[in-house]
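Turn these sequences into a full structure, and let the hints guide you.
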Amino acid sequence: MAEILAVEGLVTLLGGEKRFLRAERPPVRAVDGVSLELREGEVLGVVGESGCGKSTLGRTILGIQRETAGTVRLDGRVVSGVDPRTARQMRRDVQYVHQDAAAALDPWWSIGRTLDEALVINGVGPGEERARRIDRVLRDVGLDPTTKRRYPHELSGGQLRRVTLARVLVLAPRIVLLDEPTSGLDLSVQATVLRLLRELRAELGLTYMFISHDLSVVRLMCDRVAIMYLGRIVETAETAKLFESPVHPYTTMLLAAAPRLATGQGLHAAAIHGEPPSATAVPSGCAFRTRCPHAIDACAVTVPTLDLIADGRRVACHRWPELAPLERV
Amino acid sequence: MLVFRKFLRDVSAVIGLVIVLLTAVVALFAPWLAPKPLDAHESHPLLRLKPPSAEAPFGTDNLGRDVFSRVILGSRAALTVAVLVVSGAMLIGVPLGLVAGYRSGWVSETLMRITDVFLAVPQLILALALAQLLGPSLKNAMVALTLTYWPFFARIVYAETRRLKTSVFVEALQGLNASSFRIMFAHILPNAAPPIIVRATIGMGFTILTAAVLGFLGMGATPPDPEWGLAVSESRQYLPDAWWFATFPGLAIFLVVFGFNLLGDGLRDVIDPRLRRSR
Amino acid sequence: MAEALLHVDGLRISIPTDDGLAQILDHVDLEIPKGRIVGVVGESGCGKSTLVRAVLGILPRAARVDEGRIGFAGEDLLKLSPADMTRRIRGKAIGFIPQDPFLALNPVFTVGTQLLEIMRWHASDGRAAHRAHLVELLRAVQLPDPDAALDRYPHEFSGGQRQRLLIAGALACRPRLVIADEPTSALDVTTQLQILRLLRDLVSRFDVSMLFVTHDFGVVAQLCDDVMVMYAGQSVEAGPTAAVLDAPKHPYTQMLIACHPDRAQDLAGIPGSVASPLKPPSGCRFHPRCPSAKPVCHGPRPAQVHVAEREVACVLYG
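Residue numbers (this note's numbering), protein chains in the order written: chain A, 818 to 1146; chain B, 9 to 287; chain C, 17 to 334.
Keep in mind that a hint or two might mislead.
As the list claims (entries may be wrong) - Calculated lysine-lysine pairs in the DSSO-like style (CA-CA distance at most 27 Å, straight line):
1. C:K295 x C:K310
2. C:K108 x C:K50
3. B:K58 x B:K44
4. C:K108 x C:K95
5. C:K50 x C:K95
6. A:K965 x B:K173
7. C:K295 x B:K14
8. A:K965 x B:K14
9. B:K147 x B:K44
Simulated from the structure, these hints should not be mistaken for laboratory data.
Encoded structure:
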């Protein structure tokens, strides 16, 4: 599969701006040197616990959050290093669907106006053309045309999710960044939304970046998975390989802790240590070393590089050669 | 309609609305409602300071004019001042608050520090100083009140904008590459509307009160205009014998201010997008 | 099966709303045997939280109990006066662990002040004894440095630690039943597992039973001995976790579990939407969405039948 989007050494600092007559706040390294690529037509899962920077990574790739360092390439063309509005102009093929669908819609605007606005902003005209595209996208996401007259508070969680999807799909993007696309949804609604996402990808030839903390959903939906911990990627691999044989100690811990629909899983089987440190106090060297059962002195000194190893996965761990029977490439 | 049903359940808000509507009707038809519309300017020395009677239900003033007619005629000045001053203040304060809240950096800081300076000086004193500078007249009083009232709107809109700027729907619009102008005026402004409307409503009552104080202190309306504050001022030397001369214009001020305040509080609860229904 | 500590029988509760009478609970049966953890699972609108409120005696003032009883340690909680519920039951015989550890503690008081206050309402052993007991509990919930922790403020603790504090608070008055309302839904999975382990250990160590409300079947599989599935205010299936999750019998349970990403292959979902409590369907409330529905499902609600280790309320097994 051809690479469609690539980020290299992406760093995003949040906060810490100097403000007039007020105390300066130290910035948080929300995204700290992330490199990854999206291949045309795939679903890449980005997984991590809250505060690991996965949403900030999505917002930086989208362009509404400006990167502090690093490059973003779309079809091989550099689209970073510019102000957010220019970045959005250059990255129109990339769209983002927010986690909280109810909050992502202006409560005073009807659904029809909201969808129309997305087209107006992006210079689609005339009115009849926009109306046609809105009707088509509503059919695509499985909503009734009468939804146009409704207001966000009149819709259910599943319907709102479909509206936010429709709002970006009406712009015919190639890459959709889905931020926790099923959080807050009931199990039965989640199933229908996941099926819709699958169908849309096949029909419209979309590429997804699927940001989630739900490993069961990620396993079902994604082709490849990237695991993040405190702003850095610790492991990427094809989904099946990652779930069968995790290499990074954090991936191992995360998989062991994730609840699964399997009876007889021992509550006490996995070794879990501590809680994630705050993003304002990231440990030196490997950020995971404070909770890692395999940590040695060297882990506190240097940040491990994301090494490409034999089965196509990448791991950022000083001790992976001892933990996995795989060769470096 | 859901909004009306909810509003009608709030008794005090309905009372406020009735008072405000009545005042508006009275102001609109004042020259026809007042039994002696010419008493706006004419004086009748022979009828000086007569107590309330069938002929003059609120009595007569020091120049023999019918107080009842003058209270009715005075509602025009009161409402005109309220509407013009509050709209003027909103016209200045709302855009400034929006821009200052949405942008960050020196533009925003400068605008808000200017606002703070205005807010640090009591509005009445500032208005008095300005009115003095411009010369006493109702028009100048309105200018003075407008120039001192806008910071209240700038503050509210600024705070609301700050809050809404980080909301998810604004971020979603940025993601669609919407312009700042569109985000500010088409999205943030309607969402910030409830506190603005409440403030404007209560502000109308407040402005009527302040205008009356200016009139009372001789910085507002000029004789012989029928204005409530001015009337109370003129009545001072005839108290307590001619109690009606001060009481009825004073009651009018009280009632209208009270009505606006009740209405403002009631509106707070009903301006809510969740009460919108698709047709 | 062991003797039941909590026994909810045919509970029906309705609440008047602006749009009419909402029949929130329409026949709920639940049994919590001594020393066991029972999960209550269901989608939003299934009435889980109303059930919890009914057991704790904190239903909204307008709520009406139409039928049923809540048996707890030999008495019917629905017959107790509000004063009795406050003095003897809530916070004392029944402990409560809330959903969001970030909202449940008042940020302006130290955690010691807040936890000791709860104990002062229910016992009169004196402050020193309370404090000693509390430090003991904080040690039991594995909070580092328990003595100093009491003098700190909520913001000085992480989410997982706050949940530990709240668990200690629920255990403070030596309850016999602990109700946990989605206690881990605000936490990350690694922290969640630690809390679940802690709850499992505490249940046997302090000899309590637990009602664990959740929407996550994975968590049920990890923690609960038994599970009760609710749909639109009715209990539809209840039994040992392994039996219910591995071979569900009620059509709703079957379809719901088939929606779980660990099982789902075609992601079919469940056609239709949850029945409104304002105009609920007659009989089994699931019948309008049920592929196996028969005319008899419109009739009276099916009685619970004991099938393959569990209770099922469905005519298919009558």
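Right, here's what the structure says about each hint:
1. Under the criterion of a C-alpha separation no larger than 27 Å, the hint pairing K295 (chain C) with K310 (chain C) is consistent with the structure, at around 20 Å.
2. A hinted pair counts as satisfied when its Cα atoms are at most 27 Å apart, and K108 (chain C) with K50 (chain C) qualifies at roughly 17 Å.
3. Distance hint between K58 (chain B) and K44 (chain B) is fulfilled; the C-alpha atoms sit about 15 Å from each other, no more than 27 Å.
4. For the hint pairing K108 (chain C) with K95 (chain C), the CA-to-CA distance comes to about 18 Å; that is within 27 Å, so the pair holds.
5. Pair hint K50 (chain C) plus K95 (chain C) holds up; C-alpha atoms about 22 Å apart against a cutoff of 27 Å.
6. For the suggested pair K965 (chain A) and K173 (chain B), the alpha carbons sit about 26 Å apart, so the restraint of at most 27 Å is met.
7. With a C-alpha separation of about 23 Å, the suggested pairing of K295 (chain C) with K14 (chain B) holds against the 27 Å cut-off.
8. Distance check on the hinted pair: K965 (chain A) and K14 (chain B) sit about 26 Å apart at the alpha-carbon level, within 27 Å; holds.
9. The suggested pairing of K147 (chain B) with K44 (chain B) holds, with an alpha-carbon distance near 25 Å, which does not exceed 27 Å.
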